[in-house]
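Trainee: One-letter residues, chain by chain:
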Amino acid sequence: MYRCTCSIVPRDVLERLAGDERFGAELRKAASDSARVSDVLRRMRNESRALLMHDMAMGTRPKPRISEPKVQVYNCRNTTALPGRLVTSPRRSADRTIKRAFEDTTSVATFYREVFGRNSLDNAGISLISSVHYGVKYNNAMWNGSQMVYGDGDGNLFLDFTLGNDVVGHELTHGVTQYTLDLEYSGDAGGLNESLSDCFGSMFRQWQAGQTVDQADWLIGADILGPAARERGYTCLRSMVNPADRKALARQPTRYSDLTPDMDPHYSSGPPNLAFCTACVVLGGKSWESVGQVWYRAMTALGARPSLDMPDFAEKTRQTAEQMYPSQPAVLAAVDKGWRTVGL
Amino acid sequence: MNQDSSIAVERLGGFAGFGGPGARIRSCGTLQWSQLSSDECQALAQQFTEVTSVEAASRPTADGFQYRITATVDGALRTIVLPEQSVPAALRDCVRDELL
Numbered sequence: 001m002y003r004c005t006c007s008i009v010p011r012d013v014l015e016r017l018a019g020d021e022r023f024g025a026e027l028r029k030a031a032s033d034s035a036r037v038s039d040v041l042r043r044m045r046n047e048s049r050a051l052l053m054h055d056m057a058m059g060t061r062p063k064p065r066i067s068e069p070k071v072q073v074y075n076c077r078n079t080t081a082l083p084g085r086l087v088t089s090p091r092r093s094a095d096r097t098i099k100r101a102f103e104d105t106t107s108v109a110t111f112y113r114e115v116f117g118r119n120s121l122d123n124a125g126i127s128l129i130s131s132v133h134y135g136v137k138y139n140n141a142m143w144n145g146s147q148m149v150y151g152d153g154d155g156n157l158f159l160d161f162t163l164g165n166d167v168v169g170h171e172l173t174h175g176v177t178q179y180t181l182d183l184e185y186s187g188d189a190g191g192l193n194e195s196l197s198d199c200f201g202s203m204f205r206q207w208q209a210g211q212t213v214d215q216a217d218w219l220i221g222a223d224i225l226g227p228a229a230r231e232r233g234y235t236c237l238r239s240m241v242n243p244a245d246r247k248a249l250a251r252q253p254t255r256y257s258d259l260t261p262d263m264d265p266h267y268s269s270g271p272p273n274l275a276f277c278t279a280c281v282v283l284g285g286k287s288w289e290s291v292g293q294v295w296y297r298a299m300t301a302l303g304a305r306p307s308l309d310m311p312d313f314a315e316k317t318r319q320t321a322e323q324m325y326p327s328q329p330a331v332l333a334a335v336d337k338g339w340r341t342v343g344l
Numbered sequence: 001m002n003q004d005s006s007i008a009v010e011r012l013g014g015f016a017g018f019g020g021p022g023a024r025i026r027s028c029g030t031l032q033w034s035q036l037s038s039d040e041c042q043a044l045a046q047q048f049t050e051v052t053s054v055e056a057a058s059r060p061t062a063d064g065f066q067y068r069i070t071a072t073v074d075g076a077l078r079t080i081v082l083p084e085q086s087v088p089a090a091l092r093d094c095v096r097d098e099l100l
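Top to bottom, those sequences are chains Z and U. Going by our numbering, the first sequence opens with residue 1, and the numbers climb by one from there. Going by our numbering, the second sequence opens with residue 1, and the numbers climb by one from there.
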């Protein structure tokens, strides 16, 4: 952050004081020293302002100072009572599930802060609460409107759901969606809701690994598949680069025209997932740098739109790409290509 | 309610999208009305009375499970869909997850 350091006493006044023999030697020396220090401070201020103007011209901006939200982990101890028992030092826990939930949740908060300037799910520093060891061999993770919940998996179909950092990013993004678009969980809005969680969950995973769009696998849930699924050749839950991939446990449609209003949101998220992935791969670089910024701005600039449909969201991302990157037409072209690929 | 009649249960949704059109995983089970406690019987019968359509609960939990429950009620085959928190434990526990 660049701060203006303004001096109350002008330099010429200090110099006059320094040269006025009616004042004592000590006072005249103090005035002379002050004038020299003020000179240095003014040069530093001018250089700081020049640096700020350069950053603004380059399209970077000073990051606002945002404190880290509190991250809490609770242990359900294989019951379904929420939130469970508070873990006092999750960072140092010998229970790897607890430690992972804490570390990855903290990392997702850092991701949203550093990449998008967002202060937690509500952009106001709300605490992040996770409950682990929910139920018995529970093959699921979810956001219940107030917190994240993670099951251990049955060890056969699925492993511990905290093993997937994309899963953690996915669940937390449901919270972000709740505080921004507040999308319903059915129809087009439901598919968008799920897609935003897959998009930002995947971006988080890529960001943690420092991957480019070409290095990323664009798979959702690859790290939580159990041996029974892997033995049958499955590699993921969903594939953003090829939603109809036969190696995905939950294949999805690839065209918007294939969707029907009563579809499970995990099924209807296929087309917007493919649109996002395609836009990122066409543009190249890192997913969170440009296309991710467009998606974030589109998600956060509209206010609550519970029934937002995919055509409207697609149009919003096109408009946003043009507004955010007027001198980089490749960004709009990539976003447009993404949506045309799925028929929007 | 015929205590010997069966209740078919299918768990849907969740993070993995159980039971979706393209899903290769499903979670199903059956049990008899007689396997429910009297409170669970009453609660489930009440649900069949109050939930008049097959539509899922409004604003379901993101990535939460829902349960499609089919049973003969008052001589008619009925199907309802409930969020997990509304389903008696015995019904939740009767399903088994499997690969197709």
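Mixed in with the good hints, there may be bad ones.
Covered stretches of chain Z (in silico footprint by chain U; criterion: 3 or more residues with CB under 8 Å from a CB of chain U, positions within the stretch not fixed) [claimed, not checked]:
hint: 1; region: 211 to 219
hint: 2; region: 228 to 235
hint: 3; region: 291 to 300
A short, non-exhaustive set of chain Z residues, derived as facing chain U with CB atoms under 8 Å [what the hints assert, rightly or not]:
hint: 4; residue: 107
hint: 5; residue: 185
hint: 6; residue: 241
hint: 7; residue: 245
hint: 8; residue: 252
hint: 9; residue: 254
hint: 10; residue: 264
hint: 11; residue: 267
A short, non-exhaustive set of chain U residues, derived as facing chain Z with CB atoms under 10 Å [stated by the list, open to error]:
hint: 12; residue: 19
hint: 13; residue: 22
hint: 14; residue: 25
hint: 15; residue: 39
hint: 16; residue: 65
hint: 17; residue: 90
hint: 18; residue: 94
hint: 19; residue: 97
Since the hints were derived computationally from the structure, they do not count as laboratory data. Using N, Cα and C, we set each Cβ at its ideal position, and we do this for glycine too.
Trainee: Against each hint, give a clear statement of whether it holds in the structure.
Mentor: Checked hints:
no. : hint       : verdict
1   : 211 to 219 : violated (count 0)
2   : 228 to 235 : holds (count 4)
3   : 291 to 300 : violated (count 0)
4   : 107        : violated, 19 Å
5   : 185        : holds, 5 Å
6   : 241        : violated, 16 Å
7   : 245        : violated, 10 Å
8   : 252        : holds, 6 Å
9   : 254        : violated, 11 Å
10  : 264        : holds, 4 Å
11  : 267        : holds, 4 Å
12  : 19         : holds, 7 Å
13  : 22         : holds, 3 Å
14  : 25         : holds, 6 Å
15  : 39         : violated, 17 Å
16  : 65         : holds, 6 Å
17  : 90         : violated, 14 Å
18  : 94         : violated, 14 Å
19  : 97         : holds, 5 Å
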